[in-house]
Amino acid sequence: MFRHIAHRRLVFVAGAAFAIALLAPATTGAAPARMATWDAAAAAHYLDTRLAWWRQWPKAQRSHDTMCVSCHTALPGMLARPGLRTTLGDHARSPAEIAMFDDVTKRVYLWNEIAPFYTDQKNGMGKSGESRGVEAVLNALFLVTRDNERGGVFGIDTRQAFAQMWALQMQTGDTKGGFPWLNFHLEPWESPSATYWGAMLAALAVARAPASYAADPAIAPNVEALRGYLRDGLSGQSLYSRMLILIADSELRGIATPKQRAAVVAELIAAQGPDGGWSLPALAPWQRVDKTPLPTASDGYATAIGAFTLREVSHDTASPADVAAFEKARRWLIVHQDKATGSVPAKSINKDRKADTDAYLFMTDHATGIASLVMRPTT
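Heads up: the sequence shown begins at 1 in our numbering, then just goes up one per residue.
Worth flagging that the hints you see were computed from the coordinates, not collected in a lab.
A hint or two may mislead.
[To be verified] Derived lysine to any residue pairs resembling SDA-like cross-links, with alpha carbons at most 20 Å apart:
| id | residue 1 | residue 2 |
| --- | --- | --- |
| 1 | K354 | T341 |
| 2 | K59 | F101 |
| 3 | K122 | H185 |
| 4 | K339 | T87 |
| 5 | K176 | G129 |
| 6 | K259 | A218 |
| 7 | K176 | A218 |
| 8 | K176 | E190 |
| 9 | K176 | R231 |
| 10 | K176 | P192 |
| 11 | K59 | D120 |
| 12 | K351 | S193 |
| 13 | K339 | R85 |
| 14 | K351 | I269 |
| 15 | K291 | K354 |
| 16 | K354 | Q287 |
| 17 | K351 | T296 |
| 18 | K122 | S191 |
| 19 | K354 | A297 |
| 20 | K351 | G129 |
Quantities reported herein were computed from a predicted structural model and do not represent experimental measurements.
Please build the complete structure, drawing on both the sequences and the hints.
Spelled out as structure tokens, the structure:
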């Protein structure tokens, strides 16, 4: 998602440009048809509008006049907006974004007083602990991302958020090295396998922290345990989970071997549709809770995360197959961006949601944020 590392992506981008030249139709003297382009301003407007809506949604309200930080709406906007600001030359945060960071900081400082997003009493046994794990990881990632955009000063609130995160890291069992994570049997962020999603976000937070922090002997064992949990997930997990692990490895490093990276990338490319996109069923054996079939057509979220994975794991070189697959996926996202709203439409993994329901756009929110990261300039 997430941090720009220019050197190791220049070759890939150059290769992608070469692939575009090879794939472009030959002209016969007539003016070529104008190709669709990514509308970054429209995507930014969509993400800002959705965050503003989220902050007014009654179900997002939490204690002490704060809001839940959502994986589906706030998180993708937070990750994508720095790059969009750079692209658009707009360095001002929206009021909703400023309020969101204020909420995160407030909840970090009131950690021992403030209620979790979800509680055992209201939501079922174990939900208080699961909710704390989610919030601790998100708080650290939000604040360190904010720090990097405003000059890289490691804030006191950010250090406190990391300390809260590490205090909740699992010490034993199958999830050793990972973090407690909400399980409402809702894919892809609140399910048994979503612990890999959470561990990936924690890895990105660590990678964004100053190098001196991650190298601190007091922190190093926690970081290595996190790597170990993600490393173990490269066997026996869905393609989707292994993609997330490769994204984590692209920033934290030391998780996957070159052979493991190549194997996952090959499987991802093999699952790509002829149109350049990915369908939801191609990434994991997901099943909807309402028993309706998952759409088999290429999907905005599946394609965005597939394209982002290819972009992130392109290290010093990329094979022609990698380049072609990435460019096909990128083109799919551009063509399927709704130019009226700026969004990349995506379907729910869990239900055949209706357009007039509040949750209908949640997957679209995330698809649009991840697609914006795919389109982010590399220089």
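So, going through the hints one by one against the coordinates:
| no. | hint | verdict |
| --- | --- | --- |
| 1 | K354 x T341 | 18 Å, holds |
| 2 | K59 x F101 | 19 Å, holds |
| 3 | K122 x H185 | 17 Å, holds |
| 4 | K339 x T87 | 18 Å, holds |
| 5 | K176 x G129 | 15 Å, holds |
| 6 | K259 x A218 | 31 Å, violated |
| 7 | K176 x A218 | 18 Å, holds |
| 8 | K176 x E190 | 18 Å, holds |
| 9 | K176 x R231 | 12 Å, holds |
| 10 | K176 x P192 | 14 Å, holds |
| 11 | K59 x D120 | 17 Å, holds |
| 12 | K351 x S193 | 18 Å, holds |
| 13 | K339 x R85 | 19 Å, holds |
| 14 | K351 x I269 | 27 Å, violated |
| 15 | K291 x K354 | 15 Å, holds |
| 16 | K354 x Q287 | 18 Å, holds |
| 17 | K351 x T296 | 14 Å, holds |
| 18 | K122 x S191 | 18 Å, holds |
| 19 | K354 x A297 | 18 Å, holds |
| 20 | K351 x G129 | 26 Å, violated |
In this structure, the hints that do not hold are numbers 6, 14 and 20, in rising order.
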